[in-house]
Amino acid sequence: MIPALLPRSRKPVSLFISLAGVFTAFALNASPAMALSLNPDAASPGIKDSNTLHWILFVVIVAVIVVVNLAILRAARPRTRAVSPRPGRKVSQVRLAIGLGVFALALFVVATIFSDKSREIPAVNSVPVAGQVKGEPLEITATGQQWLWRFNYPDGAFSYRRLIVPAGVTVQLDLVSTDVIHGWNVPELTGKAQAVPGETNTIYFRADDPGTYTNRSSVFSGQGYDTMEIEVQVVPPAEYEAAIIELKRDIQRAQDKVELEFKLSQKQAEVGEVAGKKMKAEINKVDIESADSE
Amino acid sequence: MSRTTSYPQTMPPTRPEIASDGPKASPTRWTQLATSADHKDISRILIAASFGSIFLAALQLLLMRLQLAVPENVFLKGVTFDRLLSVYGETAIFLVALPLVIGLLYYVVPLQIGSRTTAVPRVGQIGLWLFIFGGILLYGSFLFTPPEAGINPLPPFSDATFTPNNGVDVWIGSTGLITLGLLMIAIDLLATLHNLRAPGMAWRRAPLFTWAGAIVTWLFIVIAPIFLAAISMLLIDRLYDGGFFAGDAGGSPILWQHFSYLFFTGVYMAVSITFLAAIGEIIQTFTGRQVHRKAVIWSFVAIAIIGTLAWTQNMLTAPLPSGWKYFGMLMSLALIVPFGLIFYNLISTVSSSDFHMRAPLRFALGALSLASIGLAAEIAQSTIAVATQLSETYDAWAATHFTLIGFVVFGGFAAVTYWYPKMTGHELNEDRAAKSFGLMFAGTLIAVLPLFAAGVAGQVTDSYRYFAYEDFQVYNVIAAIGTLILFVGVILAVGNLVKSRTEEPAATPDPYRGDSLEWLALSPPPAHNFDVLPDVRSTRPMRDIREAVIRRDTETAEAEGAAQPVA
Numbered sequence: 001m002i003p004a005l006l007p008r009s010r011k012p013v014s015l016f017i018s019l020a021g022v023f024t025a026f027a028l029n030a031s032p033a034m035a036l037s038l039n040p041d042a043a044s045p046g047i048k049d050s051n052t053l054h055w056i057l058f059v060v061i062v063a064v065i066v067v068v069n070l071a072i073l074r075a076a077r078p079r080t081r082a083v084s085p086r087p088g089r090k091v092s093q094v095r096l097a098i099g100l101g102v103f104a105l106a107l108f109v110v111a112t113i114f115s116d117k118s119r120e121i122p123a124v125n126s127v128p129v130a131g132q133v134k135g136e137p138l139e140i141t142a143t144g145q146q147w148l149w150r151f152n153y154p155d156g157a158f159s160y161r162r163l164i165v166p167a168g169v170t171v172q173l174d175l176v177s178t179d180v181i182h183g184w185n186v187p188e189l190t191g192k193a194q195a196v197p198g199e200t201n202t203i204y205f206r207a208d209d210p211g212t213y214t215n216r217s218s219v220f221s222g223q224g225y226d227t228m229e230i231e232v233q234v235v236p237p238a239e240y241e242a243a244i245i246e247l248k249r250d251i252q253r254a255q256d257k258v259e260l261e262f263k264l265s266q267k268q269a270e271v272g273e274v275a276g277k278k279m280k281a282e283i284n285k286v287d288i289e290s291a292d293s294e
Numbered sequence: 001m002s003r004t005t006s007y008p009q010t011m012p013p014t015r016p017e018i019a020s021d022g023p024k025a026s027p028t029r030w031t032q033l034a035t036s037a038d039h040k041d042i043s044r045i046l047i048a049a050s051f052g053s054i055f056l057a058a059l060q061l062l063l064m065r066l067q068l069a070v071p072e073n074v075f076l077k078g079v080t081f082d083r084l085l086s087v088y089g090e091t092a093i094f095l096v097a098l099p100l101v102i103g104l105l106y107y108v109v110p111l112q113i114g115s116r117t118t119a120v121p122r123v124g125q126i127g128l129w130l131f132i133f134g135g136i137l138l139y140g141s142f143l144f145t146p147p148e149a150g151i152n153p154l155p156p157f158s159d160a161t162f163t164p165n166n167g168v169d170v171w172i173g174s175t176g177l178i179t180l181g182l183l184m185i186a187i188d189l190l191a192t193l194h195n196l197r198a199p200g201m202a203w204r205r206a207p208l209f210t211w212a213g214a215i216v217t218w219l220f221i222v223i224a225p226i227f228l229a230a231i232s233m234l235l236i237d238r239l240y241d242g243g244f245f246a247g248d249a250g251g252s253p254i255l256w257q258h259f260s261y262l263f264f265t266g267v268y269m270a271v272s273i274t275f276l277a278a279i280g281e282i283i284q285t286f287t288g289r290q291v292h293r294k295a296v297i298w299s300f301v302a303i304a305i306i307g308t309l310a311w312t313q314n315m316l317t318a319p320l321p322s323g324w325k326y327f328g329m330l331m332s333l334a335l336i337v338p339f340g341l342i343f344y345n346l347i348s349t350v351s352s353s354d355f356h357m358r359a360p361l362r363f364a365l366g367a368l369s370l371a372s373i374g375l376a377a378e379i380a381q382s383t384i385a386v387a388t389q390l391s392e393t394y395d396a397w398a399a400t401h402f403t404l405i406g407f408v409v410f411g412g413f414a415a416v417t418y419w420y421p422k423m424t425g426h427e428l429n430e431d432r433a434a435k436s437f438g439l440m441f442a443g444t445l446i447a448v449l450p451l452f453a454a455g456v457a458g459q460v461t462d463s464y465r466y467f468a469y470e471d472f473q474v475y476n477v478i479a480a481i482g483t484l485i486l487f488v489g490v491i492l493a494v495g496n497l498v499k500s501r502t503e504e505p506a507a508t509p510d511p512y513r514g515d516s517l518e519w520l521a522l523s524p525p526p527a528h529n530f531d532v533l534p535d536v537r538s539t540r541p542m543r544d545i546r547e548a549v550i551r552r553d554t555e556t557a558e559a560e561g562a563a564q565p566v567a
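First to last, the protein sequences are chains E and D. So the first sequence is numbered by our numbering: it starts at 1 and just counts up by one. So the second sequence is numbered by our numbering: it starts at 1 and just counts up by one.
With the rest of the complex left out, here is chain D:
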């Protein structure tokens, strides 16, 4: 402990005084929020947009499931269903998953590394507004023609010849703006990570979530330009008679599948890494133990590289040379190693320690449970012989939805409830959170488990109806009921987040006795995050500070006790 003796000198006062009044505040809260280049304001808008979009995505999913609950249903027209499906896919990926990933990282990581700002805040601000306009473009298109070419608009179907209306152009424009915006925020975050770490915050001492931030932003900087290039090519094909994806003009429709699946697989991996890291932080805080950092961080790196290289796993039915298919199979099966290591380390840390079950931990364990079902089911989707049977059916849909609902919705609620006191300055209502968790968990299982059976029975995705003789109804009825329960649960959980801001008592800066530096800042943090920064000497700087405070207090008490003669 001799190394930590210098702490009392660099330690912040227990009640930090604000050094100055700061810049003059803008007239209203809204103009301040809208014009702010502060990473916390930008992230709060991104996270709020993401939770608003979870509601929209759940509503779209509910409408589609109601349509499919009855064979040959006439509740929705075919074209309405296609539009709902396309918009649902884009909402789930580009308006729920990605902004939640980037928003959480952009909020928490600068605080965790003890930075007072981000490296290039204006770049982040531009990114936010590109994202907002992308979202407005997508939902504004409901006034005209929303996209209707499916979740992944495969050319030549998405080419102007076969989808002449502007739906696909809207898809290209909105996904492009959103991807570009989030890419700029990721660049800002990466610059911050490499340049603005607090003294002593070496990479080997960086928290798990910071590592996830570094890996995910690097991954995003690799995959996002590929996607931006691909959609630009599609736009040229559509508007200016290009031939990138036209088989008869020297291009190939397969090329689009390579580009788009590379991006979507990378996003899947980015989502997995981010929320596994958030779950790791939650588990570390509530159990008071550290996971095996080296194993978990190297597993994140492995997931980012191997997982993204497994993109041909989505193309096992396409006319590809066999080598590509076996490569995709090998890479996706190799993912068993990093995912297995992470799951083992996270679960065994919980298993071997004492803890109080709080809302974030509940959501985190729920996320692990649901994601384990989806990831295990992907094993079958990864092998050529079985994928030719099951891909493009509801079995594949169910596997993807278990993983993504597990990570994005449950992991997202876990992360947001965990950092909720930090972000809003208020406690979260635990009772309501536990109830909404129960509804959401039950709803997800009921909504998605029967779809495995529907997929094995042969129900193909993307079709707005099936026929009575096909005998799929029972699975779809159960799924519709489950989706309804999930929808109610999501509304209650989001409502709890909104309500707790006004109803619950104010939170202290460090409500859980966390280990990383974000708990040093006030709740909510001021614009400059920290008044005083410590020298970071270990992977658990906040614990060092708490220990130093206790030591100083006892030393002071002893000194006072020694000064006074004992009566």
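Just chain E, same shape as in the assembly:
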């Protein structure tokens, strides 16, 4: 039996064994840097504030956990001699509550400052790209549908799964959904936001450097949920415009192809009809002739 192997001790052995196990496993991890990197690479100004707040809170949280658990370990220590019956320093509950309240309020103020900063619309100070009104963010609509994202750019271009945005340009992303709730999830640029049918969830970001960010939707949406990828490609503005022209050309080409095929099939149907009539007439003729001959 496993429990028989456990040493009988009054020290919290299981705590030390498990903590040592977890940290050894982390240390043996092929990419220990990942275990330590608390945050995604911030590629948009708002995310930098999110990351700063997360570092502050990380330190606070670890401090709280360590203090509370050391107090529990100290409280649970084996008693080698009697604890003095005299109660220790009396702490006023009201003062303690006020102290905790000040701590909570301080956290709230800090969290509010950084949350406000992270939600700010990044300044629009670049040369406008195609489809962008000067001084306004570039407006792109992201539509979630089972299990794909569709991106509608200004002036008619659209793409599926991959969003192309110009670097250094502030983007206004309107999240909508055609069926169920989907989770927009690009931690490096915008963080998470829900695309809810019937509502528009607007988020802003400005990717300063070119790069590619691949992530997955974060709200369970059914059987293809695990394949619902989002790829954001940040490219220089010139390349963005070229890519949009390319997209439009592709769309036009696809449209032309569809129309061509439609016309072809119509023609084929016509041809078929004519040929069919001819054949029918010939068959009739043969029938009539054969009837005549009889």
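It should be emphasised that the hints constitute simulated quantities derived from the structure, not laboratory data. Here a beta-carbon is modelled for each residue, glycine too, at the ideal position from N, C-alpha and C. Possibly wrong hints are sitting among the right ones.
To be verified - Listed next, the in silico DMTMM-like pairs over lysine to aspartate or glutamate satisfying Cα-Cα at most 25 Å (straight line): (1) K90(E) <-> D515(D); (2) K48(E) <-> D471(D); (3) K48(E) <-> E136(E).
Stated by the list, open to error - Which chain E residues stay away from chain D? Per the calculated CB distances, all over 10 Å, these: (4) T141; (5) E270; (6) K280.
Since chain E is already given, all that's left is putting chain D on it; use the hints.
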């Protein structure tokens, strides 16, 4: 001490005689248990169901973690994983946490307030059977189509258009029956609390766990009807083309999130309050000292109100007006005050006193330790800037699981091992309990700590697989190993509860020298709980009784000594 001089008159005899033979017993133990309206029988069934379900939940969790241990694993099909996840979520909340909370309160609180029965026992009995049928409905659905729309089936995904099979209907039916059943038991308990307290048992003298009972039942009576209304609306949407949660028909999918998260947040707070109070009782008994009652009880009230109002903390990524989000953030950060006060009072009481480490205290301190990790991690989940990064990942999952495993599993085992002699009439095997505690504690830490890292690295919950390039494997392998250890520990702990009933010696009515009135009753208590009831004159009625007995014995001895001439 002049006020307590009247005790010997009202004090029960040391060996209470049973006044009558009582009603004629039913033919078998099972029919008696099944037809009983006694609060103790009802609670024993609820607690047994809860511990059976801990096993099921741990098994489901283990299967899911094994599936996720390998990237692109084909061990489970996607739909099987979705079903396991949905059933796991419902089992953990509706079949483990809630019946354990209500069952413990319904067993112990009438005894603590010195009541011979509950106010409306038949209501409690109906509640039990609604609960049982809810559980049967959920697990019976494995023969047909179990729920598969996720832990919280968000419309429109849970609407008939996108999930046309009956899984969501089963979810609605079973959660509805269970919630309604437990609500009826809560109503019975609240009526008992307000009407059937023993003479002298004023609210200011009520034990911590009784206060938790009052607060939790009031809270449940507020939040449960909201949930029942919400699932009825979802059912109308599904079956009769309703438009409550349909964006294009004048409703809103956000409405469901408000309703359901209000309920789930309230349940989280009810669980926290109940088990913190149980831990407080355990600490008071084993250290022989009282915690600062006023601070702890007011903190419970604050948790119930502020905590439930923090429901928008779960919706920080939804398209809500900013005011809602800041409100949720403020309320959840304000919870630092009551939780901090309670933790300080409980831990400092242990720290400054002598005690023998027994199984209930071990589980109680383990529960505080694990819950402190989860509650602290919730701070990050409560702020808008960080929640948009971390919510809906395994970081949020890990925070919730630390708190709930800490309170429900460890707090639950603490409470059940503490009241075990009272409930079964037998001692608990301490050695086996300590070993299973070690395994469970190590298992929980190994199973959940790495998931914080997985969440920060970006692994989203609810997905049945991830891809090799995503580099999440190491965390999931550790978590799977930890879950296996936790599973073994849970089996051993539940096995110990079953085995000790036959193997261990019989328990005395008051094995720990407790302070509250449940220790006055026999172990296990007879159907009418008490033969004789004392006048309650303080917050520690059993200590008063013990002192009075000692005083009477010495007085008798002195009188006898005085009567006989000294040789």
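A quick look at each hint next to the structure:
| no. | hint | verdict |
| --- | --- | --- |
| 1 | K90(E) <-> D515(D) | holds, 24 Å |
| 2 | K48(E) <-> D471(D) | holds, 24 Å |
| 3 | K48(E) <-> E136(E) | holds, 22 Å |
| 4 | T141 | holds, 14 Å |
| 5 | E270 | holds, 40 Å |
| 6 | K280 | holds, 47 Å |
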